[in-house]
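Novice: Sequence:
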Amino acid sequence: MQNLASLSRRLLRRTCKDIPQVIPRANGRYNVSFRFKSTKAAPTVEPAAKNLNWGEYFEIRRRRRQWQTALTIPCAMIGFFGGSFYFGSLQTDPTKPIMGVDPMIFYGGCTVLCMGAGYVVGPSLGSAIWRIMNRRVVANMDTLDREFFKHIAKNRVDASLQSATNPIPDYYGEKVGSLRQYRQWLRDQAKYRRKATLPDE
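Residue numbers for the sequence shown follow UniProt numbering, so the first one is 1 and each next one is one higher.
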């Protein structure tokens, strides 16, 4: 019986925690405060990635380009040696040209094309590996990439003003790696625009 009475008191206290609390106020009215205790744990939310400023963006962009450059040469060499191994193992007949070209020259050209394909694939492969290893900043980098290229497209010189002997300096802004270089790029574009539009004195 004593245990039953103790259990009843505990249940009563637990139930009373969910009863609205009535607090008297000075004006004679009552303020009702609901104190419901939830039994469910609050969901855990993963903290969002920190927003990047432009200085951090250019630094991460520089490291991403290093990844692209680091894989360009190995991929080109793999393409060259793979093409050399494959086309070098083929039997050739010098008396039977391929598409009107000597077989050795044709296979040599194909090997060079394999090397060029590796050179083109290298930066894309490096960028893909970088994105896998830096997933937390990929979304912010994509956003800032779009914003940066909007600035480039807005401030660069009109392509119709250039000539074969005097091309626009860094038309796509590929050499811009810091805020200082971006300001210099703006000055170069303005200087080129003045020379192209103002008559020679």
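If you are wondering where the hints come from, they were derived from the structure by calculation, not from laboratory data. For every residue, glycine included, the Cβ atom is placed at its ideal position computed from N, Cα and C. A hint or two may mislead.
Claimed, not checked - Restricting the straight-line Cα-Cα distance to at most 25 Å, the calculated cross-link-like pairs of lysine-lysine (PhoX-like) are:
| no. | residue 1 | residue 2 |
| --- | --- | --- |
| 1 | Lys-191 | Lys-154 |
| 2 | Lys-195 | Lys-154 |
| 3 | Lys-150 | Lys-191 |
| 4 | Lys-191 | Lys-175 |
| 5 | Lys-175 | Lys-195 |
| 6 | Lys-150 | Lys-175 |
| 7 | Lys-154 | Lys-175 |
| 8 | Lys-150 | Lys-96 |
Unchecked claim - Pairwise CB distance ranges (calculated):
| no. | residue 1 | residue 2 | range |
| --- | --- | --- | --- |
| 9 | Trp-54 | Phe-106 | 46 to 56 Å |
| 10 | Lys-96 | Ser-124 | 30 to 40 Å |
| 11 | Gln-181 | Ile-73 | 17 to 27 Å |
| 12 | Tyr-86 | Tyr-171 | 30 to 40 Å |
| 13 | Arg-146 | Lys-96 | 23 to 33 Å |
| 14 | Gln-181 | Lys-96 | 48 to 58 Å |
Novice: For every hint, state whether the structure bears it out.
Specialist: Against the structure, the hints come out as follows:
The hinted pair formed by Lys-191 and Lys-154 meets the criterion: a straight-line CA distance of about 16 Å does not exceed 25 Å. Under the criterion of a C-alpha separation no larger than 25 Å, the hint pairing Lys-195 with Lys-154 is consistent with the structure, at around 19 Å. For the hint linking Lys-150 to Lys-191, the alpha-carbon distance of about 20 Å falls within 25 Å, and the restraint holds. Among the hinted pairs, Lys-191 with Lys-175 is consistent with the structure: their alpha-carbon atoms are about 17 Å apart, no more than 25 Å.
Under the criterion of a C-alpha separation no larger than 25 Å, the hint pairing Lys-175 with Lys-195 is consistent with the structure, at around 22 Å. Restraint check: the Cα-Cα separation between Lys-150 and Lys-175 comes to about 16 Å, which is no more than 25 Å; the hinted pair holds. Taken as a hint, the Lys-154 and Lys-175 pair is honoured in the structure, with Cα atoms around 17 Å apart against an allowance of 25 Å. The hinted pair formed by Lys-150 and Lys-96 fails the criterion: a straight-line CA distance of about 55 Å is larger than 25 Å.
For the pair Trp-54 and Phe-106, the supplied restraint of 46 to 56 Å holds, since their beta-carbon distance comes to about 50 Å. For the pair Lys-96 and Ser-124, the supplied restraint of 30 to 40 Å holds, since their beta-carbon distance comes to about 37 Å. Separation of Gln-181 from Ile-73 is about 25 Å and conforms to the stated range, judged on CB atoms against 17 to 27 Å. In this structure the supplied range 30 to 40 Å holds for Tyr-86 paired with Tyr-171, their Cβ-Cβ distance being about 38 Å.
Distance hint for Arg-146 and Lys-96: a CB-CB separation of about 54 Å, inconsistent with the stated range 23 to 33 Å. Checking the proposed 48 to 58 Å range against Gln-181 and Lys-96 shows it holds: the Cβ atoms sit about 56 Å from each other.
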